[in-house]
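J.: One letter stands for each residue in the lines below.
Protein chains: 4
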Amino acid sequence: MMKIEAFQPILERYKVIFFDAFGVLKSYNGLVPGIDRTFAHIEAQQKEYYIVTNDASRSPMELAEGYHRMGLHAVRHDRIVSSGMLAKEYLDLKVSEGIVAYLGTQNSAHYIDSSGLHTLPVSAINPANIDQVNALVLLDDEGFNWFDDLNKAVNILRKRTIPAIVANTDNTYPLSGNNDVSIAIGGIASMIESIVGKRFIRFGKPDSQLFMFAYDLVRQQPSISKKDILMVGDTLHTDILGANKFGLDTVLVLTGNTLPDDAETRIRSTGIVPTYICHSAVIG
Amino acid sequence: MMKIEAFQPILERYKVIFFDAFGVLKSYNGLVPGIDRTFAHIEAQQKEYYIVTNDASRSPMELAEGYHRMGLHAVRHDRIVSSGMLAKEYLDLKVSEGIVAYLGTQNSAHYIDSSGLHTLPVSAINPANIDQVNALVLLDDEGFNWFDDLNKAVNILRKRTIPAIVANTDNTYPLSGNNDVSIAIGGIASMIESIVGKRFIRFGKPDSQLFMFAYDLVRQQPSISKKDILMVGDTLHTDILGANKFGLDTVLVLTGNTLPDDAETRIRSTGIVPTYICHSAVIG
Amino acid sequence: MMKIEAFQPILERYKVIFFDAFGVLKSYNGLVPGIDRTFAHIEAQQKEYYIVTNDASRSPMELAEGYHRMGLHAVRHDRIVSSGMLAKEYLDLKVSEGIVAYLGTQNSAHYIDSSGLHTLPVSAINPANIDQVNALVLLDDEGFNWFDDLNKAVNILRKRTIPAIVANTDNTYPLSGNNDVSIAIGGIASMIESIVGKRFIRFGKPDSQLFMFAYDLVRQQPSISKKDILMVGDTLHTDILGANKFGLDTVLVLTGNTLPDDAETRIRSTGIVPTYICHSAVIG
Amino acid sequence: MMKIEAFQPILERYKVIFFDAFGVLKSYNGLVPGIDRTFAHIEAQQKEYYIVTNDASRSPMELAEGYHRMGLHAVRHDRIVSSGMLAKEYLDLKVSEGIVAYLGTQNSAHYIDSSGLHTLPVSAINPANIDQVNALVLLDDEGFNWFDDLNKAVNILRKRTIPAIVANTDNTYPLSGNNDVSIAIGGIASMIESIVGKRFIRFGKPDSQLFMFAYDLVRQQPSISKKDILMVGDTLHTDILGANKFGLDTVLVLTGNTLPDDAETRIRSTGIVPTYICHSAVIG
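Chains as they are written, first to last, in our numbering: chain A, 1 to 284; chain B, 1 to 284; chain C, 1 to 284; chain D, 1 to 284.
One or more hints might be untrue.
Identical copies carry no separate label here, and so any pair may be met within one copy or between two of them.
What the hints assert, rightly or not - In silico lysine-lysine, DSSO-like type, Cα no more than 30 Å apart, as pairs:
no., residue 1, residue 2
1, Lys47, Lys15
2, Lys159, Lys198
3, Lys198, Lys3
4, Lys227, Lys198
5, Lys227, Lys26
6, Lys47, Lys159
7, Lys26, Lys226
8, Lys15, Lys3
9, Lys198, Lys47
10, Lys15, Lys159
11, Lys15, Lys226
12, Lys159, Lys227
13, Lys26, Lys47
14, Lys226, Lys3
15, Lys15, Lys227
16, Lys198, Lys226
17, Lys3, Lys26
18, Lys159, Lys26
Note that these hints are calculated values from the structure, not bench results.
This one's a predicted model, so the numbers in the text were calculated from it and none came from an experiment.
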């Protein structure tokens, strides 16, 4: 039998805490009740925290504002590390000219836009400009016509030998108010990848690159090693698998994707084993 | 090196010919030129033919009318065996009551409708009738709003433990006039299958059940065995793989999916080996 | 909640019963206690039965003898339909000359040998005879040196563009006496298939071809349709999925792979739904 | 058409060069002729180099000695970054006690052994010590009996909910003297992973963690950014995909896995695009 432990004594043993966002700090109903106490404690104890999230649809600034609106004012934008930041870094380093076509809202493109490239929605690609398209980025499941633009994205990738980037590994996300889900851009990306038979570049947990990005920020202060960092997440195959592999200790919380009744079965069947299991990331 | 042979001498050695439709008899530009001579010869020699096709969007009657409109009057509807017929047989045998929800055009549903079940488009499923939905059938990529109805289909399958049927194994189909393709319902089905994690029931080549359906029609006349049947197709992983496995001799033609320059590489890399390779199914 | 029903009243409604073997009639401890009563009843009621099994390591004659030794004398060899029979039919129809290389025991090869081809163990293939190898058949996980002969099989398939046939879809089989399993030839086949990147020809449930083979035997008597046949199996993704798709009614029994506590969860998570669930195929 | 460029002018534009080993510096026939000139030039120009290799079967010291024996004395052990080093780091950070069971040679285990854990070959695991096994590591395809120990590894993972680590993503490796290959421990790992249905922890290209490990060594000197680093490799889906994603410029060389005739087709079909293509990493 797996033991469910209290979160606070575990927290005390680490200097830096990495939190997943959805299912740990918030749900579609708003903040996880009491999570502000955890952040107050972290601040009081002079620990550090980072929010490590698979989200390419908004900038860290917008993500931070979202927490502030919900009442969690402790969250600072420079402590948010998102897979969208990796997509942006990739474009900065590897795509120096031409058009970056995207699937997503205009707002989601605004963030990657700042790199100086010309971003255009897939709907605006036509025979006159297709030869200048040097990357395709999948950002969000909204903001475009699925029938028209998914078919168009397939044909762009058949004609152009260019990188396709997706910064979200989720297949679905929960909808508010009932038990329904919505297909996420990660699920759409898998369909297009298998249809065109090409290999997409994926950023986001469980891939190590996102953990590394956060770790690089932490390391700027001396005397922090991987042993001092704790990852807190609700999803075995992203948060826990990725942080385990990166060498961090991990807490699985039961406020999101993994239900209390399922936790043990899922851990056994996947072989993905957290260091600890806690009801939530809330302290007493 | 693989030898490309003339089609006619091969044809003479068999009593029954199974043809794939798209890429063998027709393309998006209309009939393959000269294919009517092949059918005239088959008739003159008192051979039999069947068209064995992965198509669940129209009835055999409508498919035959399509050939007639293009000028191939020899094609009879009772010689067309489609994966849609298997979907219909499945519903007849296994779903005796309730609603069959579908993705596709109203016309595509008309064919399966005749079984006496109540067919409704996915868009018409709501909290009041969802408990009566006893099957989901994926028929065509048109006739519905992708964003609304693909999300709805995912949620129907999350709520109802029911069979999901797809009678098309293709990921894409070619569009006329240029080199573009369109995402087929088979590609959409794979996305939904992987998102909900459930196993769909798939009908169509390379699965043996479609060949068996055609073979059952042939066997009604005595003295025909599998040795007397030749399958002619343009696609290695559906036509050739499926017919090989069913025990039939096979001809790969180069008028469709497999290009002359690629044929040898693809055969070697997939290990799917046709008995013969011919330029086309047209005779001199 | 799913209802568990008594087997006998269900049995009475069908004229022909298809049984899976392992997990339904027998386990590694011998016969399922009381299963002889089921066969006595079937005989008394003049129903028909067939045993439909994924086994390519022995002939139907040898399989029947195994039942007789265990004390189930009612099982006749001509009522056993195995995936090995499909492999044999394939070789008869599609490979007319040369060497058939095999992985398995000498005894397993004896059965396919009768087709007049020259069968040789993979270990006997060498530079002098490799050009005559026209098929590779994977029969059993024993009878060869894994390190030497799996590496050799990979290299045969890299050099020869030939069909590779596997008539077992299982990854593992249970060992007697404890809870251990052994890697089955089906699991080995998947590894070699993915290493060489070629498509293997697989026979066995859930593929329709095995059900069709049994159905062809049944149909020799008039007035039997698919509606009159019941498939009884212990495994959702082979027995139940395959028979459902073939259009048969199905019973899931809980004496084998599917445990009573898991049945409902597995049915919901896979979407593979049996017509009935029974504790066993034993009658009162 | 893709342009093949001379290597030296490209080399001059970067301060640090990452080399893949097999297919770039050496083949099964020994060193790539002239590669010593490249290393002499790198030294003369005061550039830095690292060898970034998917190899968990030997320590960096042993790997360096291999180069020295072949005559490439410029290669220093502290410039070799192997996926085995990541496996070792993982065990140091995440497995603090008990037995680490391994598949591989005794020598391959010697390297991970130094972390203070008790390493035992899978063959030495028995009912008396299995409860102390806290990790399974797959190191090499030699040094054990495949039939006995692969079956045993499957059963260890069925009984113990522990991490399984594999530090080699290759399915096969080439054998010397002819065109044959041998199944690599990466291919074996995939088979066991799919049989037990658990998620293995994999280290090695294309995963970012290996590039990060090398990058961390480079960064110890100031003023080096990702823009200053060039990755040279022969394999699109490991060297090029991984380095591209990490944000490095890449050279595909044609002295290994990717043949000159295939390069363009493979780049188009995979969508993995190197910054440059060169015949080899040898300079004039």
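J.: Each hint: holds or not?
T.: Status of each hint after checking the structure:
Taking CA atoms no more than 30 Å apart as the test, Lys47 paired with Lys15 passes inside one copy only; the shortest distance there is 5 Å, against 38 Å between copies. In this homomeric assembly, Lys159 and Lys198 come within 30 Å of each other (Cα to Cα) both inside a single copy, at 12 Å, and across copies, at 27 Å. When the C-alpha separation of Lys198 and Lys3 is checked against a cutoff of 30 Å, the pair qualifies only between copies, where the shortest distance is 21 Å, while the shortest distance within a copy is 43 Å. For the homomeric pair Lys227 and Lys198, the shortest alpha-carbon distance between copies (26 Å) is at most 30 Å, but the shortest distance inside one copy (38 Å) is not.
For the homomeric pair Lys227 and Lys26, the shortest alpha-carbon distance inside one copy (27 Å) is at most 30 Å, but the shortest distance between copies (38 Å) is not. In this homomeric assembly, Lys47 and Lys159 never come within 30 Å of each other (Cα to Cα): the closest approach is 51 Å inside a single copy and 39 Å across copies. In this assembly of identical chains, Lys26 and Lys226 lie within 30 Å of each other by CA distance solely inside one copy; the values are 26 Å within and 35 Å between copies. Only within a single protomer do Lys15 and Lys3 lie at most 30 Å apart by alpha-carbon distance; the minimum there is 23 Å, versus 51 Å between protomers.
For the homomeric pair Lys198 and Lys47, neither the shortest alpha-carbon distance inside one copy (43 Å) nor that between copies (35 Å) is at most 30 Å. Taking identical chains as interchangeable, the C-alpha atoms of Lys15 and Lys159 are never at most 30 Å apart, the minima being 50 Å within one chain and 35 Å between chains. Taking the shortest Cα distances, Lys15 and Lys226 sit within 30 Å of each other both inside one copy (10 Å) and across copies (29 Å). For the identical chains of this complex, Lys159 and Lys227 are inter-copy neighbours only, at 28 Å across copies versus 47 Å inside a copy, given an alpha-carbon limit of 30 Å.
In this assembly of identical chains, the alpha carbons of Lys26 and Lys47 lie at most 30 Å apart only when taken from the same copy (21 Å versus 49 Å across copies). Taking the closest pair of Cα atoms, Lys226 and Lys3 come within 30 Å of each other only inside a single copy of the chain (24 Å); across copies the shortest separation is 44 Å, beyond that limit. For a Cα distance limit of 30 Å, the shortest separation of Lys15 from Lys227 inside one copy, 9 Å, qualifies, whereas the shortest one across copies, 32 Å, does not. When the C-alpha separation of Lys198 and Lys226 is checked against a cutoff of 30 Å, the pair qualifies only between copies, where the shortest distance is 25 Å, while the shortest distance within a copy is 35 Å.
In this assembly of identical chains, the alpha carbons of Lys3 and Lys26 lie at most 30 Å apart only when taken from the same copy (24 Å versus 39 Å across copies). Taking CA atoms no more than 30 Å apart as the test, Lys159 paired with Lys26 passes between copies only; the shortest distance there is 25 Å, against 42 Å inside one copy.
In this structure, the hints that do not hold are numbers 6, 9 and 10, in rising order.
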